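Those protein sequence lines, which keep their order, are chains A, B and C.
The UniProt record's numbering puts the first residue of the first sequence at 1, with every later residue one more than the last.
The UniProt record's numbering puts the first residue of the second sequence at 1, with every later residue one more than the last.
The UniProt record's numbering puts the first residue of the third sequence at 1, with every later residue one more than the last.
It is possible that part of the hints are untrue.
Listed next, with one range per pair, are the computed distances between beta-carbon atoms [to be verified]:
# : chain 1 : residue 1 : chain 2 : residue 2 : range
1 : A       : 461       : C       : 322       : 22 to 28 Å
2 : B       : 5         : A       : 55        : 57 to 63 Å
3 : B       : 69        : C       : 305       : 57 to 63 Å
The hints are simulated quantities; they were obtained by calculation from the structure and are not laboratory data.
If you're wondering where the values come from, they're calculated on a predicted model, not measured in any experiment.
In this text, a Cβ means the ideal position worked out from N, Cα and C, and glycines have one as well.
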Amino acid sequence: MDILAALAAGFAVALTPLNLTLAAIGSFLGTLIGALPGLGPVNGVAILIPLAFALKLEPSSALIMLTCIYYGAMYGGRISSIMLNIPGDEPAIMTTLDGYPMARAGKAAQALGISAMASFIGATLATVGLTLFAPLLAKAAIHFGPSDYFALYVMAFATVGGVVGVNPVKTLFAAFLGLMLATVGLDPGTGTARYTFGSFHLYDGFDPIVAIVGLFAISEVLVYFETLHKSSDGMVKMGRAIPRLREVLQGLTAAFRGSAIGFVCGILPGAGASLGAFVSYTAEKQLSNKDGTFGKGDPRGIAAPEAGNNAAAGGALIPMLTLGVPGSGTTAVMLALLISLNIQPGPLLFTREPDLVWGLIAALYLANLVLLILNIPMVGLFTRLLSLPQWLLMPFVVMVSFIGIYSISHSVFDMFVMVGFGVLGYVLRKFDFPIVPVVLGLLLGADMENNLRRALSISGGDFSILVNSPIALGIYALTLAMLALAFYMARKAKHGPDVSD
Amino acid sequence: MMNRLLGMAFLAMSILYGLAARDYKASFGDPLGPAAFPMIIAIPAALLSLAMVLRPDPDPQWERGAPMLKQGAALAILLGYVALLEPLGFPLSTMLGTALLARLVGTRWSYAAIAGISISLLLFFLFDRVLGLPLPAFPDFMS
Amino acid sequence: MLDFTKILGAGLLACALGATSASAAECIAPADPGGGWDFTCRTVGQLLYDQKIVDAPVQVTNMPGGVGAVAFANVAAKRADDPELLVATSTVGVTQIAQGKYPAGIDTMRWLGMLGSDVGVIVVDSKSDMKTLDDLLAKLKADPGSVPVAGSSGVGGWDHIRMLMVADKAGMSADDYKSIRWVQFDGGSPAVTQMMGGQVGAVSTDLGEIAGFVESGDIRILAALSDDRIPAFPDAPTAKEQGIDVTGYNWRGFYTGGKVSDDVYNGWVEKLHTLYDTDAWKKEATAKGLVPIWRGGPEFETYVSEQVDAMARISKEIGVIQ
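Bound-form chain A, shown alone:
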């Protein structure tokens, strides 16, 4: 087998003592950066690229270390999602839904263990897919046009109502609120400044990370002071420090399903890891939520989106490597990383630099394994975070959130915006609006609008282009099927839970 021989050569490059040490250091640094609210894999890799240069590493060694930082930061983002209800990066928002409730119920170690297991499965399966089918899948992905992407976003928003929240009206409004926020800033199509009130600071719109940290972290501070005097529920139960294997394996099948869905989302440039996590969670909830445990700490509610977003991140490497098209913020940084190592991704990469590609693929396998080995014992360390006294933990989280934002944008304005989002998040939470749809709207809104406008630019304003593509029609049919299933499940739930279950 050609592929196996090439992969073996890749591993021969990767498996030196130096590279293994770098992999461990990278995983640890990445996890640390990812766990800090406001700093995710995007910034983590960008910040640490100079470190790789400063150490004067060979390209393959630098690649291994930075890949480990990347995966480490992805995993680190889950830690703050689960422990503190603050997503470390965009795709981690779905992990808060069931992860945080589990941590509150004293199952933090189990939640972190599931997340580690599901991330490993998702990322490894995606890497296998990358190893076997990269050029083939890249060819398929280019047939996805603007109207097909638009259909994909319509599907995401049409199904959001069934995913989170108690009152569907409020859930849908939250999504539209996010879409409205997404239109703030310079319009990429024409350069028109929209809803900026004449301020240059709003020209780039709201940075999703600023919004996420505000909506989750700062609003948490206000909620905390409200419930402070009810001392009993302020304390979080500790539970076990190290998860049992049996507990971790509870979400195993969900992780496999999530991996498949996430991988498909990842291959489509522009859809990315957030959509992968979201669709995996939606699908898993519709499939498995028979007792209404989703959103209250269901292990499968962690396993599915975790596997989904890691598989999507792995899948997104395919268009990035073979076409030079970054599918998401994180792959954009990986692209910048390759370019900074003088590797130009594109159609010729696999034939021209096979050593590097297979070295990278070997590095991906290695990074996943190192993280799994490193993180299971570290779970104990992170769960102990919660036993820190509140007077130390709370100000620490707040300050890290602020400084994570400031160190990247150097904008005091962004920090005020973040506090503003904190107040908005508090009000929304008070009135039982789910926050996740707001963030989804903000994340996907611009792409949804751009693809709609691209489609119409291509057709010269003829709306029929939106339904002329068989791919788009397929997605709309799937959307209808999912909605029908959701209504059927809702009706069934009204007639009481199934007795036989």
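Please build the complex by placing chains B and C on the supplied structure of chain A, with the hints as guidance.
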């Protein structure tokens, strides 16, 4: 009642949002233009807000008295911290902000001071030195 | 519990270290990490230190917003006389200034120099029946809406303007070339892959990002918008050769605050020129698809001002600004 008020506020916001979009015009070359998408999403947003006004949820419980004061104080600390970050430099403003928040949580002043000093120096070291992300080190008047 | 003594020790160490690095130069990349301006800052910053042109590592600060407008406003207001400051920019930034999308004009800053340039190209899928620029223009003249054209900028951005300049020089009327369908994508590679997927008919953008597709034979260059043929692709004809006298470069360079002294200004021009003369820069630039070109000091200031005038005139003519 509160839910109804919030619904009305969102309704007004959605309508204003949709109306403001009318000013956004493209000169040429973009069939849909910058105004259409905001208008399209303003309509369902307004209808959903209207649904909140007509069929409001039960009102949330509000904490009055001390908790509300503390929330106000926390917000004031956060805003003050942001405003003073560049004038005072990172270590000093973070020391102050952290100590005040720790005190607000209810610990002793001495612990609050320890939290302030340790957290600000730890973070400064981590971000400015280890990660190489420059932070303002000194108050404006010293540099 | 945390060990406070260790943290305090680390903190004190941090303060001690902090005191020594006050004189390091800073390069502002007016974009997020990973983009072209970020690359300019990081590469030039790294090389300035590696080649021992500056004594301390150059600190890169990202200040995204408004296609560079936020960094521009910030430097004008707060750092106009900062002697240790570089800000990355390019033709794209200057186009924004020419169209009045920055808070002030070019006089607000001092323009240091450009170190290299990307070249604009017009490309089609290799399976397309269009073999020359004339083939494309003939189709557009017959029906301006027949070939949707894509690029990495929005309507009125540099990729779009270059395309319209070609149409204009080919003798199309303003009404006609304004009806050419323009599709914006988030970069040259997405535009090219969408063209390979059959969504659009042609792409007008910088060569650097999409050079791999030309080498692999997936796409064909109809015209290079340069004075001479591009060294890496000697077979690709220029627009000039085909009778369309249009060039469209996208240079990469730097400005600094408008109130720095002449000594500081000349010092930076000198340093950048020294860097330009190194083999290391030429190698790095060529690897990124740039053509190394040097313009510095007063010559560069004149060049920028001429370019702004030309860009404003074109933008008015084609109706992007009033």
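Within 57 to 63 Å: is that where the Cβ-Cβ distance between residue 5 (chain B) and residue 55 (chain A) falls?
Given a distance of about 58 Å, which is inside 57 to 63 Å, the answer is holds.
Outcome for the supplied range 22 to 28 Å, where the beta carbon pair is residue 461 (chain A) and residue 322 (chain C)
23 Å, holds
Quick check: does the Cβ-Cβ distance between residue 69 (chain B) and residue 305 (chain C) fall within 57 to 63 Å?
59 Å, holds
In the structure shown, no violation is registered for any of the earlier numbered hints.
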